[in-house]
Amino acid sequence: MVASPSPLDLRQLVRDIPDFPKPGILFRDLTPLMRDPDGWQEVIRQLAVLCERLQPDLIVGIESRGFIVGTALATATRLGFVPVRKPGKLPGAVTGVDYELEYGSDRLEIHSDALAAGERVLIIDDLLATGGTASACAELVQAAGGELCGFGFVAELAALEGRRRLPEEHPIESLIIYS
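Quick note: the sequence shown uses this note's numbering, first residue 2, plus one each step.
In short, the hints are calculated from the structure, not lab data.
Predicted, not measured: the structure shown is a model, and the values here were computed from it.
Note that the Cβ used here is the ideal one computed from N, Cα and C, for glycine as well.
Computed Cβ-Cβ distance ranges for the label pairs, DEER-style:
no., residue 1, residue 2, range
1, I18, D107, 20 to 26 Å
2, A118, P33, 37 to 43 Å
3, T72, D39, 15 to 21 Å
4, Q56, P88, 30 to 36 Å
5, V50, G25, 33 to 39 Å
6, A159, Q56, 22 to 28 Å
7, A160, S113, 34 to 40 Å
8, E162, S106, 18 to 24 Å
9, V50, P92, 33 to 39 Å
Required output: the full structure, derived from the provided sequences and hints.
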């Protein structure tokens, strides 16, 4: 009898960088995880399980690292991918939403014709921190006619309580949670 391989500990493939981008911040660097073929494949496999459960029609990825995770997931699950970008990056007609950050405001945009009415959308990003950007993206998806079905993140900084800013009626899946 052959033993099945032990599950991959994704946390071991994330590098901690103290004092980046400023003193007192512990940055969770996902690039070593992305560089590891087995680790990256496991990330996409686990997010694909979320797709099986939620049955989205499209993956929406948030600029910029959400593009990396989202396009890989969309390809693996044979779903379409739609980018959500910062202002001025998309040609043609866009739908946008302004949102507040801790120290200012920002804006997200999507092509006005990117989502058909009622299409189920899974929002994907690399990291859930304060939840402001993901919350704004959810608002944008709904403004553009999509039906939000959930969120998927590679990592979450739970101490920042980003989940509290997201619509609680939709599932939120984070593969690695830092308390």
